[in-house]
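**Q** Those sequence lines, one after another, are chains A and B.
The numbering of the first sequence is the numbering used here, which starts it at 28 and goes up by one.
The numbering of the second sequence is the numbering used here, which starts it at 28 and goes up by one.
There may be inaccurate statements among the hints.
Copies of the same chain look alike in the list, so a pair counts if it fits in one copy or across any two.
BS3-like cross-link-like pairs, simulated, lysine-lysine; straight-line CA separation at most 25 Å [to be verified]:
hint, residue 1, residue 2
1, LYS105, LYS144
2, LYS75, LYS104
3, LYS48, LYS64
4, LYS64, LYS75
5, LYS72, LYS210
6, LYS105, LYS189
7, LYS75, LYS144
8, LYS144, LYS205
9, LYS48, LYS85
10, LYS75, LYS201
11, LYS104, LYS144
12, LYS144, LYS48
Note that these hints are calculated values from the structure, not bench results.
There are 2 protein chains.
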Amino acid sequence: MIEADFEVGVLRLGHRIVRDKRVTTHAFLVSRAFGAKAFIIHGDKDSKLEENARRIVKTWGGKVTVEYSENWLETVKKWRDTGSLIVHLTMYGMPVESVINYIREFKRILVIIGGQKVPGEAYRVSDYNVSITNQPHSEIAALAVFLDRLFQGRELYMQHEKPRFFIVPSPRGKVICKNPFYKANRFE
Amino acid sequence: MIEADFEVGVLRLGHRIVRDKRVTTHAFLVSRAFGAKAFIIHGDKDSKLEENARRIVKTWGGKVTVEYSENWLETVKKWRDTGSLIVHLTMYGMPVESVINYIREFKRILVIIGGQKVPGEAYRVSDYNVSITNQPHSEIAALAVFLDRLFQGRELYMQHEKPRFFIVPSPRGKVICKNPFYKANRFE
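Take these sequences, add in the hints, and give me the full structure.
**A** Okay, here's the thing in structure tokens:
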């Protein structure tokens with residue numbers, strides 16, 4: 028259902044291997060869990076992080092891709108050339124609720140999230156600079172709330188294709204199930 | 028407006044100084060920006076992180092407190108004894124939308140977020156184990172979406188008391204304003 032709706036890419040600017048390892052991983056996990064199709068890392072090439080991310084997809088399902096961008100402006104251009112809207116999440120931008128309906132008219136969206144230092148071009152090449160509160164907080168949280176508004180909460184019920192394990196919601200404790208069809212998938 | 032609604036505390040379990048510095052800071056920033064009243068850190072005592080957090084409050088306003096908990100079960104007991112509901116955010120829990128209306132009946136809520144290893148007690152002492160999707164992602168994102176559902180989006184328009192600086196939303200670029208009344212505040 029979400030699939031037919033929006034094709035979302037997330038471009039993470041300025042990743043630094045040591046400092047940003049966990050934050051970028053969280054951003055990837057949110058991108059996947061909240062329905063993005065592609066996660067693109069700019070900055071340091073971090074093969075270990077990419078590998079971990081792909082392993083998560085193998086274990087928990089879905090088909091989000093993990094990509095590396097050496098030149099983020101080219102990545103933006105590539106997405107724009109294929110009809111995408113470019114959205115930059117920043118505490119300086121316009122309140123999400125004031126622009127989300129315009130954004131929802133597009134079916135392909137590239138969401139740019141920054142690290143510590145975001146180049147000025149990010150503000151200029153984006154069609155929308157969008158804030159999730161005008162307070163300093165977290166690109167991880169901003170991304171989650173943005174995607175939640177974009178998908179209008181439907182991402183919470185998204186099924187991820189071919190998981191190895193899945194979780195059954197439980198009021199107390201942990202219920203983890205093995206997907207009985209997983210083995211078969213391996214031979215596709 | 029949010030103030031009259033809910034008094035929310037966020038309890039971060041198992042903080043580790045080096046590894047969790049940025050993730051815990053993000054969790055604090057989200058707590059503040061999304062309307063929590065107290066942020067309680069359990070695990071390593073991290074005075075530098077606490078100091079940074081308090082400086083953020085001084086700069087951007089608000090009155091969220093930063094506390095340290097040596098014994099998190101005692102913190103839970105203290106909150107419960109003063110009429111709080113205890114909510115634990117976990118990917119194994121019940122979908123947020125299935126329980127949020129029950130949670131909203133309480134006016135004081137302690138939200139527990141974990142790190143890598145969450146003790147089993149967290150599942151048992153909580154009134155609700157709540158999931159924001161049953162997928163692995165980020166306690167920072169889970170906290171943001173949970174508070175967004177709790178406050179029903181009103182946290183996006185929250186004014187933080189006595190900021191030194193504030194941001195004026197802008198479609199492009201950065202507009203940062205000094206609060207002209209800030210100096211006066213210093214002498215209160």
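**Q** Could you place LYS105 and LYS189 in one of the four classes (within, between, both, neither) given a Cα distance threshold of 25 Å?
**A** Neither: 29 Å inside a chain and 44 Å across chains, both beyond 25 Å.
**Q** One pair to classify: LYS144 and LYS205, alpha carbons no more than 25 Å apart. Within, between, both, or neither?
**A** between (42 Å within a copy, 22 Å between copies)
**Q** Checking LYS144 and LYS48: alpha-carbon separation at most 25 Å within a copy, between copies, both or neither?
**A** both (16 Å within a copy, 18 Å between copies)
**Q** For LYS64 and LYS75, with the copy left unspecified, which applies at a CA distance of at most 25 Å: within, between, both, or neither?
**A** Within one copy only: 20 Å inside, 38 Å across.
**Q** I want to check one pair: LYS48 and LYS85. Are their C-alpha atoms no more than 25 Å apart within a copy, between two copies, both, or neither?
**A** Intra 20 Å, inter 29 Å, cutoff 25 Å: intra-copy only.
**Q** Is it within, between, both, or neither for LYS72 and LYS210, if the alpha carbons may be no more than 25 Å apart?
**A** neither (32 Å within a copy, 46 Å between copies)
**Q** Measure nothing new, just compare the shortest in-copy and cross-copy C-alpha distances for LYS75 and LYS144 to 25 Å and report within, between, both or neither.
**A** Both: 23 Å inside a copy, 22 Å across copies.
**Q** Regarding LYS75 and LYS104, is the shortest C-alpha distance of 25 Å or less found within a copy, between copies, in both, or in neither?
**A** neither (27 Å within a copy, 41 Å between copies)
**Q** At most 25 Å between C-alpha atoms: does LYS48 with LYS64 qualify within a copy, between copies, both, or neither?
**A** For LYS48 and LYS64, only the intra-copy Cα distance (21 Å) is at most 25 Å; the inter-copy one is 29 Å.
**Q** For LYS104 and LYS144, with the copy left unspecified, which applies at a CA distance of at most 25 Å: within, between, both, or neither?
**A** Answer is within: at 21 Å inside a copy they meet the 25 Å cutoff, but 42 Å across does not.
**Q** Within a copy, between copies, both or neither: which one fits LYS105 and LYS144 at a CA-CA cutoff of 25 Å?
**A** within (23 Å within a copy, 41 Å between copies)
**Q** As a check of your reading, is LYS75 near LYS201 (CA-CA no more than 25 Å) within one copy, between copies, both or neither?
**A** neither (29 Å within a copy, 35 Å between copies)
The structure fails hints 2, 5, 6 and 10 (numbered hints given earlier, in ascending order).
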